[in-house]
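Use the sequences and the hints to build the structure in full.
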Amino acid sequence: MPVDIRLANETWESLLTAHAVLMRGFGAESVWSDHGITMREYDVLYTLAKCPAPARVGELRNTVLLSQPALSRLVDRLERRGLVARDADHADGRAVRVALTDAGRDMQRTVGRAHARSVARAVGGRLDEAELHELHRLTVKLLRDGRASSAPASAAHPRSAVRPEDTEKTGS
1 MPVDIRLANE
11 TWESLLTAHA
21 VLMRGFGAES
31 VWSDHGITMR
41 EYDVLYTLAK
51 CPAPARVGEL
61 RNTVLLSQPA
71 LSRLVDRLER
81 RGLVARDADH
91 ADGRAVRVAL
101 TDAGRDMQRT
111 VGRAHARSVA
121 RAVGGRLDEA
131 ELHELHRLTV
141 KLLRDGRASS
151 APASAAHPRS
161 AVRPEDTEKT
171 GS
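The sequence shown begins at 1 in the UniProt record's numbering and counts up by one.
Keep in mind that the hints were calculated from the coordinates and are not lab data. Don't take every hint at face value.
The following label-pair restraints were derived from C-beta to C-beta distances [claimed, not checked]:
(1) G82 with V140: 27 to 37 Å
(2) S72 with G93: 17 to 27 Å
(3) L138 with A95: 34 to 44 Å
(4) F26 with R73: 18 to 28 Å
(5) L142 with G93: 33 to 43 Å
(6) A95 with S14: 31 to 41 Å
(7) R77 with L138: 32 to 42 Å
(8) G125 with G93: 42 to 52 Å
Straight-line Cα separation of at most 20 Å, SDA-like style, residue types lysine to any residue; simulated pairs [stated by the list, open to error]:
(9) K50 with R117
(10) K50 with R144
(11) K50 with V119
(12) K50 with V140
Just so you know, even glycine gets a beta-carbon here, dropped at the ideal spot from N, CA and C.
Dropping the structure here:
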């Protein structure tokens with residue numbers, strides 16, 4: 001069946017525009033300045049929180065939208081602040097693995113809970129439950145069909161504000 005190029009591109013544009021509008025709104029919230037963390041730093045903390053074991057910086061790049069050098073600098077800053085720790089990769093002596101420290105885990109959970117409430121208001125406040133399920137199904141399908149086979153298992157799920165075990169139901 002041929003693809004409707006116009007519809008595909010209009011859909012892509014609306015997806016990107018919705019993302020940009022939501023991210024602009026999230027970025028303007030005080031949670032970031034209140035906790036002295038940027039959204040990009042939080043993204044790395046969140047990604048590490050999903051990992052079952054310490055991750056290589058290269059593995060983080062599969063879900064964090066930064067270049068390798070920029071991500072390495074960001075990890076350096078997080079390490080200086082005591083939010084992440086580096087350790088030698090025992091399987092590959094040339095590589096290092098990064099993990100959350102207790103302070104990093106606390107920061108991720110604290111900021112994540114506030115951010116989760118914002119996401120619930122911004123997304124859940126505009127879509128009913130059936131629409132949320134349908135949007136989730138469609139985005140997971142796009143992720144599953146578009147992910148490189150080298151992506152870590154933790155990247156198979158769409159990014160959300162907190163780890164599933166840290167969530168609570170929020171009302172709109």
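Here is how each hint holds up against the structure:
1. G82 with V140: 27 to 37 Å: 35 Å, holds
2. S72 with G93: 17 to 27 Å: 18 Å, holds
3. L138 with A95: 34 to 44 Å: With Cβ atoms ~36 Å apart, the hint holds.
4. F26 with R73: 18 to 28 Å: 23 Å, holds
5. L142 with G93: 33 to 43 Å: Holds, since L142 and G93 (Cβ atoms, about 38 Å apart) stay within the stated range.
6. A95 with S14: 31 to 41 Å: 40 Å, holds
7. R77 with L138: 32 to 42 Å: 35 Å, holds
8. G125 with G93: 42 to 52 Å: Given a distance of about 50 Å, which is inside 42 to 52 Å, the answer is holds.
9. K50 with R117: The hint holds at about 19 Å.
10. K50 with R144: Given pair K50, R144 holds - Cα atoms ~17 Å apart, limit 20 Å.
11. K50 with V119: The hint holds at about 18 Å.
12. K50 with V140: Roughly 17 Å between the alpha carbons, so the hint for K50 and V140 holds.
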